[in-house]
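Take a look at the letters that make up each chain.
Protein chains: 2
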Amino acid sequence: MGDLEGNAALILAHAESAANNGAHVALFPEMALTGYPVEDLALRKSFQIASAKSIEVLAAVLPPKLVSIVGYLDHVGGAPQNRVAVITGGAVAATYTKCHLPNYGVFDEYRNFVPGNQSLVVRIHGIDVGILICEDLWVDGGATAKLAARTPGIVLVPNGSPFERNKDDVRAALVKKRAIEIGAPLVYVNMTGGQDDLVFDGDSIAVDARGNVIARAPQFEDGMMLLDIEAAGSTATPDLIISEEEAKLDRVLIPGISHRLGDEEEIWNAIVVGLRDYVIKNGFSQVLIGLSGGIDSALVAAIACDALGPELVHGVAMPSKYSSDHSIEDAEELARNTGLRLRTVSIEPMVDAYMNEMKLTGLAEENLQARVRGTTLMAISNQENMLVLATGNKSELACGYSTLYGDAVGGYAPIKDIYKVDVWALSRWRNEAARIAGEKPPIPVRSIEKEPSAELRPDQKDSDSLPEYEILDEVLRNYVDEDLGHNELIAMGFDPALVKRVIAMVDKAEYKRRQYPPGPKVSMRAFGKDRRLPMTSHWREL
Amino acid sequence: MGDLEGNAALILAHAESAANNGAHVALFPEMALTGYPVEDLALRKSFQIASAKSIEVLAAVLPPKLVSIVGYLDHVGGAPQNRVAVITGGAVAATYTKCHLPNYGVFDEYRNFVPGNQSLVVRIHGIDVGILICEDLWVDGGATAKLAARTPGIVLVPNGSPFERNKDDVRAALVKKRAIEIGAPLVYVNMTGGQDDLVFDGDSIAVDARGNVIARAPQFEDGMMLLDIEAAGSTATPDLIISEEEAKLDRVLIPGISHRLGDEEEIWNAIVVGLRDYVIKNGFSQVLIGLSGGIDSALVAAIACDALGPELVHGVAMPSKYSSDHSIEDAEELARNTGLRLRTVSIEPMVDAYMNEMKLTGLAEENLQARVRGTTLMAISNQENMLVLATGNKSELACGYSTLYGDAVGGYAPIKDIYKVDVWALSRWRNEAARIAGEKPPIPVRSIEKEPSAELRPDQKDSDSLPEYEILDEVLRNYVDEDLGHNELIAMGFDPALVKRVIAMVDKAEYKRRQYPPGPKVSMRAFGKDRRLPMTSHWREL
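Protein sequences, first through last, are from chains A and B. Read in order, the letters of the first sequence are residues 52 to 593 in this note's numbering. Read in order, the letters of the second sequence are residues 52 to 593 in this note's numbering.
I should point out that these hints are in silico values taken from the structure, not numbers from a laboratory. All residues carry an ideal CB built from backbone N, CA and C; glycine is no exception. Accuracy of the hints is not assured; some may be wrong.
A few chain A residues that face chain B, going by a derived Cβ cut-off under 8 angstroms, partial list only [stated by the list, open to error]: (1) 276; (2) 312; (3) 415; (4) 434; (5) 565; (6) 566.
Covered stretches of chain A, going by a simulated chain B footprint (3 or more residues, C-beta under 8 angstroms) [stated by the list, open to error]: (7) 151-161; (8) 329-341; (9) 402-410; (10) 582-591.
Looking at chain A on its own, in the form it has when it is part of the complex (with noise of 0.2 angstroms):
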């Protein structure tokens, strides 16, 4: 995000191979030179003249006989607009603007661009081709149909989608929808890669006239497809005509066809993705985590690893009197399994400081231990250079069951989009998928399959304060990711008085939430500026 040269540099690196390769059209993601979002930076005069100086400066190096398509952030009378450049010969041929700008759920665009009103045809080899951004090609009636009345011989369309679990599905289906409704071969480019709390995970495609997918790339990965799309000519009155020669190629290009990622597959590359860049992109190498032994922290454990190998992962185990024998032995079979550095500190002496100058009881005393642990963290993390990672799900910060300033600490949380069912779930997936491979399953089978316990009072459970999570995250999906009210929890079935307490949990909690740090999207909505709602309210579902 925000790296205008660095991006103009991986633009130019691809767009070139490209070349070389033989391609005549180079079609990259949506705002690809800026980076997406770039939330506010849209509105600021020096950004938006940054970003249209790059992409002239970009389009007099790019390769001349190649047409690269490219998305930046442009500006007309100081309005900022989400555009793609059409670069050949050394200089923006033409511009098209997005026209239908998303401002739900995670997306503020009717906040930081204009829109715009213009379809766009160009004529390259031949071929008509029309472009679309995104958020036009999901409205009915819209651009789409616009571009449609036009005849397009093909259509691209760069886009910046973020995952969800489940929706490549729909992606695909909207694709080969459009692709049929125009007449024309589609091809649909997502960025791929994290930012902030966003995980962009590619699945781009190609679809021909009929609908059928083509080509279609990996999930989750950085890379570029060459692909062999057959397209009628001459179909459409084009804006501008770049060149008219029927484009030949020297060889057959087989297109391939990615294997899609099963459910936990998915989530846990997500999840993967979005650490490592948070990480990398952030200017930091190593990572710590508190490791209570518990499956949250081993989970977190296991997907760092993952993401930036174990040599850059570092635990510390925090034992106090409240901690059971197993704590420490399953976070140190953990390291073992895993390979992460593991080290201890007792934060004993320093709970009895406090408790010496002051007296703590009761839920004081808990987040006292939950405090002293954060502090830690952070005193290893400020002496030694760790970002350090949050392991709180999504249950958890639903229900407000975190100490603030306790285990909330951290500058990313990776799990915090998981309910708990789904962190037993991944878990088990990732042990097999190690057993599968012939490795060693990371996360011990003791922390997946012990009771849950915060440790912060002798023989504590989750079960104390909380439902059983099978039913509990049942509730907490229906009132949070699908938004329904106390009446239609009740109509689906759910304990009345188990509904009342979980609402009034999930609502109080809205202040611990707001300080929480951020992670990775991976539900249809989570935590964050997916779900905006006031700390102070007293509206009540009942």
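Given chain A, work out where chain B should sit, using these hints.
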């Protein structure tokens, strides 16, 4: 926010009082029934239904002869709408839906509502009354022009317009301009009170057809004004005739034009109201502040004493070996001046306990002290149920000159939108106001005059790490509030090396601000939802 029953009861009580005082029309602020802003609650079906039902229930009990104009949330085919209901005779007689939805700054209305596209004119006692909602009034050539073309006899405008420094003059100018354009008196009624990081300052205004101010309500005070406004009858073709007979008043009403507050007084009131409402509406009564003897914590304490009364304000001094002698003395003087309750907890035993367990040096050791203080504050907060107030100012937040989970802990941050130079200005203003009132100035002079220091290492001064505040704050104001870029800052004459340094600090600290507590917006651009920037960003202004 969200307290439909409570708000309905308040509306009813005021409507009855209005009717008893002979009023014919009662005008309430934007979304008075639901509270404002409702954020994503607008998207929840259960809340849409509840609001729409509540307006019917309220309508049935409102004084039947009065015409009450009440803002609420409605829904049409699942689409949420920001509306006002015109209520009389025990039922909703007509509605008007907001046509222009602000989606900039702190507003996300394009996300949360579907706009209307119809004007509304109702005849009440022979006067053709036009209605607009807030943003409708600000857009040239839109809903206001459409309504003006219908030549209403008076225009009533409910608003939810948050406080910003100096905004009042803009409002008055707009109200006057629109009244003249429409050629009719205009009544602008604004919400009062704090809601998370917004403060609504009231400042309701009535002007005649020539734009002369007839009445202006006090800022920051809940209340009701009774106005007798001259308006021409039967000027338009109304959508609905409620009554034709001329309204008679049995007495003469002398409208008040409230004294405008000065800049510091206005800001002081905004923060006091914001803090008070956050505390009370979230079910707290007492607040806790770490008192360092420095100016930031002294100012926050003085504000808290004004907001809640000193008996509900608790201070804790947490000296370390780096604390100067005057730290405790100044905190004690503050306590004597204000009457707040002060206690002392030495952090040395806890710091020593950490230092024995871990080898910490430099920044890690400095941050440790701040985090031990943070944990101490939270321990007291948990034990005694007090809301911790964070004492960071906007200069610190901008530059990242604070410790996450250390001095940054808290549920509310009263001065997070106040630059350091204004921290001093507000402190001097408050002391002077006390002197004028013959009261004891709350803030110790030495706290105002001593050189700022975090006191985390021997002889540390803010000026070791930061430019002089007088210059720093000017650069920040232009970079953060005005969103100017590097070249523009240089063109203003700022030292290039300083500009480069300040921009780098601000950009790098975005991750800290994301985890900072909420606090009242008083500037044109506050950190938080007013300024949304990526954490992961390689954009460099130069």
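Evaluation of the provided hints:
1. 276: Violated. Min distance 26 angstroms.
2. 312: At about 24 angstroms, which exceeds the 8 angstroms cut-off, the nearest Cβ of chain B leaves the hint on residue 312/A violated.
3. 415: Nearest chain B Cβ about 4 angstroms off; hint holds.
4. 434: Holds: closest Cβ of chain B sits about 4 angstroms from residue 434/A, inside 8 angstroms.
5. 565: 7 angstroms, holds
6. 566: 5 angstroms, holds
7. 151-161: holds (count 4)
8. 329-341: As far as the stretch 329-341 of chain A goes, the hint holds, because 3 residues have Cβ atoms under 8 angstroms from chain B.
9. 402-410: With 7 residues closer than 8 angstroms to chain B, the stretch 402-410 of chain A meets the three-residue bar; holds.
10. 582-591: Check passed, 10 qualifying residues.
Of the numbered hints listed earlier, those contradicted by the structure are 1 and 2.
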